[in-house]
Amino acid sequence: MNIYVLLKRTFDTEEKITIAGGRINEDGAEFIINPYDEYAVEEAIQVRDAHGGEVTVISVGSEESEKQLRTALAMGADKAVLVNIEDDVEASDQYTTAKIIAQYLKDQEIDLIIAGNVAIDGGSGQVGPRVAELLEIPYVTTITKLDIQGTQATVVRDVEGDSEVIETSLPLLVTAQQGLNEPRYPSLPGIMKAKKKPLEQLELDDLDLEEDDVEAKTKTIEIYLPPKKEAGKVLTGDLNDQVKELVTLLHTEAKVV
Amino acid sequence: MARKVLVLGEVRDGALRNVSFEALSAGKAIAEGGEVVGVLVGKSVSALGQELIQYGASRVVVVEHAELTQYTSDGYSQALLAVIEEEKPEGLVFGHTALGKDLSPRIAGKLNSGLISDATAIEVAGGNVVFTRPIYSGKAFEKKIVTDGLIFATVRPNNIPPLPKDESLSGEVNSLTVNLKDLRTIIKEVVRKASEGVDLSEAKVVIAGGRGVKSEEGFEPLKELATVLGGAVGASRGACDADYCDYSLQIGQTGKVVTPDLYIACGISGAIQHLAGMSNSKVIVAINKDPEANIFKVADYGIVGDLFEVVPLLTEEFKKLKINA
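Going down the list, the sequences are from chains A and B.
Note that numbering that gives the first Met the number 0 numbers the first sequence so that position 200 is 199, with each residue one more than the last.
Note that numbering that gives the first Met the number 0 numbers the second sequence so that position 36 is 35, with each residue one more than the last.
None of these hints come from the bench; they were simulated from the model.
Glycine included, each C-beta is placed from N, C-alpha and C at the ideal position.
Don't take each hint at face value.
[Claimed, not checked] With a cut-off of at most 25 Å between alpha-carbon atoms, the simulated DSS-like pairs for lysine-lysine come out as follows: (1) B/Lys187 to A/Lys144; (2) A/Lys192 to A/Lys78; (3) B/Lys3 to A/Lys216; (4) A/Lys216 to B/Lys142; (5) B/Lys281 to B/Lys321; (6) B/Lys321 to A/Lys243; (7) A/Lys254 to B/Lys319; (8) A/Lys15 to B/Lys187.
[Unchecked claim] Listed next, with one range per pair, are the computed distances between beta-carbon atoms: (9) A/Gly21 to B/Pro290: 34 to 44 Å; (10) A/Val233 to B/Ala120: 25 to 35 Å; (11) A/Ser168 to B/Leu80: 18 to 28 Å; (12) B/Glu171 to A/Glu13: 46 to 56 Å; (13) B/Asn173 to A/Asp86: 24 to 34 Å; (14) A/Thr251 to B/Glu66: 45 to 55 Å; (15) B/Ala124 to A/Ser61: 41 to 51 Å; (16) B/Thr176 to A/Glu135: 21 to 31 Å; (17) B/Leu80 to A/Asp204: 27 to 37 Å; (18) B/Ala65 to A/Glu25: 46 to 56 Å; (19) B/Glu216 to A/Asp86: 55 to 65 Å; (20) B/Lys109 to A/Asp204: 20 to 30 Å; (21) B/Pro160 to A/Thr251: 21 to 31 Å.
Work the whole structure out from these sequences, hints included.
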């Protein structure tokens, strides 16, 4: 089975965000595999181990994403592809990323594509479904269970807390929701092996794309931090009185109940 | 510049969701005086058309089909694309719900258009429609414009105020026939786990528990408080990782981002990853035994104390308030 994973390098969830020169300040920040993409990598490895085949991890970004791709290889993926757009693309959006990934994938034999349901930085959740649409294959988002029998797939999808059991067929794209699995940590032998696994670097040229073909359809004109919240009022006195005071405050001052 | 804007009315359990009225309000802003057309998709949904008009649509297009009883991306995208083909809009707005998140990128992919997901505010400035949206789960915000083609956005529930309902308004509700084909995903079963309460991402009140709730049973007092306030129960990653509750309740940078009117954090320390998911709530109350807990730094009101003492007392007080009201 040919399994592809879409992976993004993101800020660590414990990082504070600061802005420098109108951009998010990346100096000194820790980067990780987008947590939802980590579920995708784990699921791909499990599907391969059960059904055979090969897991290829793809990322669109800069040279720096190589580290996260190596981590995925250390977890157990077989191959990695990095489409480096650093020199070619000035401003990208989800249209750009999806177009590049689809352009690469349209020439591959595909049974299954797994992506995270959303990246914790941009937070749009667009790239997975866009890629499926461009490849004209079905997709199911925010899945918590995947079961494959031959070319049939049974998927459980999280819908705002409810679960849908969905039947569909391969080739298929799914996006991972928390709860799908428990991603493994790379083992030491895994890390050693990962160094020798193939990591192909491509640029737009290699995919017969021009910058104009992937030009963003949207543009960010400003980035800012939310106003810092003032520390509020910690109530004091007898607990019963505190509770009464709180209810009064919420009712008359904050007017939220 | 006046634009024609289509707004999808989302139906759940036979009624329109609030976020659809908010989407209509967003559609009005994008239209800049142009026509706002409501769209309804489902099995028998046309009766809801007038309500969309009372909230700001000038008319409504309905696509009804037995195969559209439940949402599937194949069915709904064919329905929507048929309406888009017929109406040729310059703007398109959905709610940023499970349905909107699943459907919008596909429509954008098909139309080769941009898409601004999860908008929390819309303004028209310097000839552009400018969208505000959270990034890094609300640790920062960005302002975005569409530079090419259709202005397509999804709007986060609870952020864009709906227009007041005007029951004197009425308008045309027309149906469009669509032949559905190639439905590649089939829903075999829906297991309703969230049915007991209000949907977390749309709730006006959220009562969230952290490691301090100590067990699955520890969530009971929180559920009672949520019931009294008509709210939903959420949780921190700590509580989910400890198996006190289902991951679908998780609020944070991984998990859901919520912006209710009132957020009551019970036994939650306030890790950065949790704060990202809730710090843009309008009013935050923290209940924690540890006076040094981070959560107090973002709380509007705090009570230092044991949640198992405080929460039941709060429930009683709110009950009294409701009776007197």
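Consistency of the hints with the structure:
1. B/Lys187 to A/Lys144: 14 Å, holds
2. A/Lys192 to A/Lys78: This hinted pair holds, its Cα atoms lying about 11 Å apart.
3. B/Lys3 to A/Lys216: Measuring from Cα to Cα gives roughly 19 Å; hence the hint holds.
4. A/Lys216 to B/Lys142: Answer holds: lysine 216 of chain A to lysine 142 of chain B is near 14 Å, not above 25 Å.
5. B/Lys281 to B/Lys321: With a Cα-Cα distance of about 21 Å, the restraint between lysine 281 of chain B and lysine 321 of chain B holds, given a limit of 25 Å.
6. B/Lys321 to A/Lys243: Holds, at roughly 14 Å.
7. A/Lys254 to B/Lys319: Between lysine 254 of chain A and lysine 319 of chain B the Cα gap is close to 16 Å, so the pair holds against 25 Å.
8. A/Lys15 to B/Lys187: This hinted pair is violated, its Cα atoms lying about 43 Å apart.
9. A/Gly21 to B/Pro290: 34 to 44 Å: 38 Å, holds
10. A/Val233 to B/Ala120: 25 to 35 Å: Holds: the Cβ-Cβ distance is about 31 Å, inside 25 to 35 Å.
11. A/Ser168 to B/Leu80: 18 to 28 Å: 22 Å, holds
12. B/Glu171 to A/Glu13: 46 to 56 Å: 54 Å, holds
13. B/Asn173 to A/Asp86: 24 to 34 Å: The hint (24 to 34 Å, Cβ to Cβ) is violated, given that asparagine 173 of chain B and aspartate 86 of chain A are roughly 51 Å apart.
14. A/Thr251 to B/Glu66: 45 to 55 Å: Distance hint for threonine 251 of chain A, glutamate 66 of chain B holds at roughly 51 Å.
15. B/Ala124 to A/Ser61: 41 to 51 Å: Cβ of alanine 124 of chain B to Cβ of serine 61 of chain A: about 32 Å, so the range 41 to 51 Å is violated.
16. B/Thr176 to A/Glu135: 21 to 31 Å: This hint holds: roughly 24 Å between Cβ atoms.
17. B/Leu80 to A/Asp204: 27 to 37 Å: Once the Cβ atoms are compared, 33 Å apart, the range 27 to 37 Å for aspartate 204 of chain A and leucine 80 of chain B holds.
18. B/Ala65 to A/Glu25: 46 to 56 Å: 52 Å, holds
19. B/Glu216 to A/Asp86: 55 to 65 Å: 57 Å, holds
20. B/Lys109 to A/Asp204: 20 to 30 Å: 27 Å, holds
21. B/Pro160 to A/Thr251: 21 to 31 Å: Between proline 160 of chain B and threonine 251 of chain A, where Cβ atoms are some 22 Å apart, the hint holds.
Of the numbered hints stated above, those contradicted by the structure are hints 8, 13, 15, listed in ascending order.
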